[in-house]
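> These are the residues of each chain, in order.
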Amino acid sequence: GAGVSQTPSNKVTEKGKYVELRCDPISGHTALYWYRQSLGQGPEFLIYFQGTGAADDSGLPNDRFFAVRPEGSVSTLKIQRTERGDSAVYLCASSLFASQRVSGELFFGEGSRLTVL
Amino acid sequence: AQKITQTQPGMFVQEKEAVTLDCTYDTSDQSYGLFWYKQPSSGEMIFLIYQGSYDEQNATEGRYSLNFQKARKSANLVISASQLGDSAMYFCAMREGNAGNMLTFGGGTRLMVKP
Chain A
1 GAGVSQTPSN KVTEKGKYVE LRCDPISGHT ALYWYRQSLG QGPEFLIYFQ GTGAADDSGL
61 PNDRFFAVRP EGSVSTLKIQ RTERGDSAVY LCASSLFASQ RVSGELFFGE GSRLTVL
Chain B
1 AQKITQTQPG MFVQEKEAVT LDCTYDTSDQ SYGLFWYKQP SSGEMIFLIY QGSYDEQNAT
61 EGRYSLNFQK ARKSANLVIS ASQLGDSAMY FCAMREGNAG NMLTFGGGTR LMVKP
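Keeping their order, the protein sequence lines are chains A and B. Read in the working numbering, the first sequence has 59 at position 59, and its numbers run on one by one without any break. Read in the working numbering, the second sequence has 58 at position 58, and its numbers run on one by one without any break.
Because the hints were derived from the structure by calculation, they are not lab data. These numbers come from a predicted model, not from an experiment. C-beta: ideal position from N, C-alpha, C; glycine also. Among the hints, erroneous ones may be present.
Residues on chain A that point at chain B, a partial pick, calculated with CB under 8 Å [claimed, not checked]:
hint: 1; residue: Gln41
hint: 2; residue: Phe108
hint: 3; residue: Gly111
Which residues of chain B face chain A? A few of them, derived with a C-beta cut under 10 Å, are [to be verified]:
hint: 4; residue: Phe12
hint: 5; residue: Val13
hint: 6; residue: Thr24
hint: 7; residue: Tyr25
hint: 8; residue: Thr27
hint: 9; residue: Ser28
hint: 10; residue: Gly43
hint: 11; residue: Glu44
hint: 12; residue: Ile46
hint: 13; residue: Gly85
hint: 14; residue: Ala88
hint: 15; residue: Leu103
hint: 16; residue: Phe105
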């Protein structure tokens, strides 16, 4: 498809388990972002990639969270030893530019809803 | 301090009327961008409109316009001729200076359009 694709759309797991969430950005978009949206709140920034490298990971809450983008396209968000507080919708977005000189709006996927029991 | 503040958790508007959704922001950067996104119940975030800090005119996109008041640090979204399909969450967001296009979002406003 032409948009940002995220899988799985829903994931239910048990506390302590490991989870991977995948994002396939729009073809040609060099910038990729992960956000987390808790119920009733706005999205919170987690990490941003420019190409293969993490340009800003200041939003990752702790070292249980990690993300990779090895070939500069698909990205995987990895959560170790999940906790109930990790339950949220994880949104991925991509953009053509990462520049302040253009509007550079982010194109979002539909999110992966993670529920930790 | 909150960088983006949306003070209206919920708003009702009558179909075909105009509605203003409030957004104030806080930044010390001279160069920044302001965005509005719509999030229907299906969950996807849909880009609506953008205003750059150096843009002298208010942005408009179809029925959407942004009332940008730089001195007051406000960037209110105006939706004209509301439609039932406008019922959704609306988020204001800001990109600061050299933040690499990373957006900071407000808490959102839920808009409900009444028939």
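> So, for every hint listed, does it hold in this structure?
Status of each hint after checking the structure:
{"no.": "1", "hint": "Gln41", "in the structure": "holds, 6 Å"}
{"no.": "2", "hint": "Phe108", "in the structure": "holds, 4 Å"}
{"no.": "3", "hint": "Gly111", "in the structure": "holds, 5 Å"}
{"no.": "4", "hint": "Phe12", "in the structure": "violated, 18 Å"}
{"no.": "5", "hint": "Val13", "in the structure": "violated, 21 Å"}
{"no.": "6", "hint": "Thr24", "in the structure": "violated, 14 Å"}
{"no.": "7", "hint": "Tyr25", "in the structure": "violated, 13 Å"}
{"no.": "8", "hint": "Thr27", "in the structure": "violated, 12 Å"}
{"no.": "9", "hint": "Ser28", "in the structure": "violated, 15 Å"}
{"no.": "10", "hint": "Gly43", "in the structure": "holds, 5 Å"}
{"no.": "11", "hint": "Glu44", "in the structure": "holds, 5 Å"}
{"no.": "12", "hint": "Ile46", "in the structure": "holds, 8 Å"}
{"no.": "13", "hint": "Gly85", "in the structure": "violated, 18 Å"}
{"no.": "14", "hint": "Ala88", "in the structure": "violated, 13 Å"}
{"no.": "15", "hint": "Leu103", "in the structure": "holds, 6 Å"}
{"no.": "16", "hint": "Phe105", "in the structure": "holds, 4 Å"}
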